[in-house]
Amino acid sequence: MEKKPCKSEEVEVRKGPWTMEEDLILVNYIANHGEGVWNSLAKAAGLKRTGKSCRLRWLNYLRPDVRRGNITPEEQFLIMELHAKWGNRWSKIAKHLPGRTDNEIKNYWRTRIQKHMNKPAEICYSNQSDCELLLDQQASTSQLPCNGTNADFMEGSYSPLSSFSHCNNNDAFYGQQQQQQQMIVESSSNHEDNYWNMEDIWSMQILNDD
DNA sequence: AACCGGCTCAACCGCCGGTCG
DNA sequence: TCGACCGGCGGTTGAGCCGGT
0 MEKKPCKSEE VEVRKGPWTM EEDLILVNYI ANHGEGVWNS LAKAAGLKRT
50 GKSCRLRWLN YLRPDVRRGN ITPEEQFLIM ELHAKWGNRW SKIAKHLPGR
100 TDNEIKNYWR TRIQKHMNKP AEICYSNQSD CELLLDQQAS TSQLPCNGTN
150 ADFMEGSYSP LSSFSHCNNN DAFYGQQQQQ QQMIVESSSN HEDNYWNMED
200 IWSMQILNDD
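At position 140 of the first sequence (counting the first as 1) the number is 139 in numbering that gives the first Met the number 0, and the numbers step up by one without a gap.
Careful: at least some of the hints might be erroneous.
Claimed, not checked - Pairwise CB distance ranges, derived in the manner of DEER restraints: (1) Lys42 <-> Arg111: 37 to 45 angstroms; (2) Arg109 <-> Pro16: 18 to 26 angstroms; (3) Ala83 <-> Ala43: 39 to 47 angstroms.
Unchecked claim - As a list, the in silico SDA-like pairs of lysine to any residue whose alpha-carbon atoms are at most 20 angstroms apart: (4) Lys51 <-> Val12; (5) Lys51 <-> Glu74; (6) Lys51 <-> Gly68; (7) Lys91 <-> Glu74; (8) Lys105 <-> Lys47; (9) Lys14 <-> Tyr60; (10) Lys91 <-> Met79; (11) Lys51 <-> Pro16; (12) Lys14 <-> Ala44; (13) Lys47 <-> Leu23.
Honestly, the hints are just simulated from the structure, not real lab data. Here a beta-carbon is modelled for each residue, glycine too, at the ideal position from N, C-alpha and C.
Start from the sequences and build out the full structure, keeping to the hints where you can.
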């Protein structure tokens, strides 16, 4: 009874960046068994990771409906509007941006929006015109990383769905995957052998799924 | 070409509330 | 009722990338 429970099993807990093998194991396991108790899942899948780490990796990166990069002007407007309303309630804000994670929104806010907060026009953005003012400022400083152009947005011709219309697939699940893969391919075409994208992960998962 | 500083974002940390035995 | 466990959340960190000098 002197032995502390579980301590001996905590010896080997991996931290740091996830490897492709770990991603594959996690995706494969969830595809076959679904999400469950994360600590148990980590052990059952044979991952030397904490349940928290697995959950975070799945929710922020591996989940098939995660959209990555290319925050659209409308999303930016929504983020600013909801942040003005709720403050740093990132998960609450994320619920109103399908496919976006709280972590991504949080990062986006801190790196792309917060640094401009000293500018007077950005202090109050409770309506569309305020947002347009901000977007106009950002356009002049080339700070807007998005698919749709500012001109599209200003002229009202831009639609948040239009950038993804090529993915209008009956199978929403794989449509989102394709959309995600395309974005990743477009944004990181110079990745070398040490990198991989969700196409790699999911194609391997599909192969292993039978 | 090398160095440096700023930027980005994946991942971790610590805390809190809910649930269950 | 209480303690252990778990998930969720917001804040923070650090490695890698990139552009400027």
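(message) Please verify whether Lys47 and Leu23 have alpha carbons no more than 20 angstroms apart.
(response) holds, 14 angstroms
(request) Starting from the hint 39 to 47 angstroms, judge whether the C-beta atoms of Ala83 and Ala43 obey it. (result) Given about 43 angstroms between the Cβ atoms, the range holds.
(message) For Lys91 and Met79, compute the direct alpha-carbon distance and say whether it is at most 20 angstroms.
(response) Measuring from Cα to Cα gives roughly 13 angstroms; hence the hint holds.
(request) Take a quick look at whether Lys105 and Lys47 sit within 20 angstroms of each other, Cα to Cα. (result) Violated: Lys105 and Lys47 sit about 28 angstroms apart, past 20 angstroms.
(message) Check the hint pairing Lys14 with Ala44 against an upper bound of 20 angstroms on the C-alpha distance.
(response) holds, 16 angstroms
(message) Given the hinted pair Lys14 and Tyr60, is their Cα-Cα distance within 20 angstroms?
(response) holds, 16 angstroms
(message) Lys51 and Glu74 were given as a pair; does the straight-line alpha-carbon distance stay at or below 20 angstroms?
(response) violated, 28 angstroms
(request) Assess, step by step, whether the Cα of Lys51 is no farther than 20 angstroms from the Cα of Gly68, and give holds or violated. (result) Violated. Lys51 to Gly68 sits at ~24 angstroms, over the 20 angstroms cutoff.
(message) Just to be sure I understand the hint, the distance between the Cβ atoms of Lys42 and Arg111 should be within 37 to 45 angstroms; is that true here?
(response) holds, 38 angstroms
(message) Holds or violated: Lys91 and Glu74, Cα atoms, limit 20 angstroms.
(response) holds, 14 angstroms
(message) Between the alpha carbons of Lys51 and Pro16, is the straight-line distance 20 angstroms or under?
(response) Answer holds: Lys51 to Pro16 is near 14 angstroms, not above 20 angstroms.
(message) Can you confirm whether the C-alpha distance between Lys51 and Val12 stays at or below 20 angstroms?
(response) holds, 12 angstroms
Consistency with the previously given hints fails for numbers 5, 6, 8, ordered from lowest to highest.
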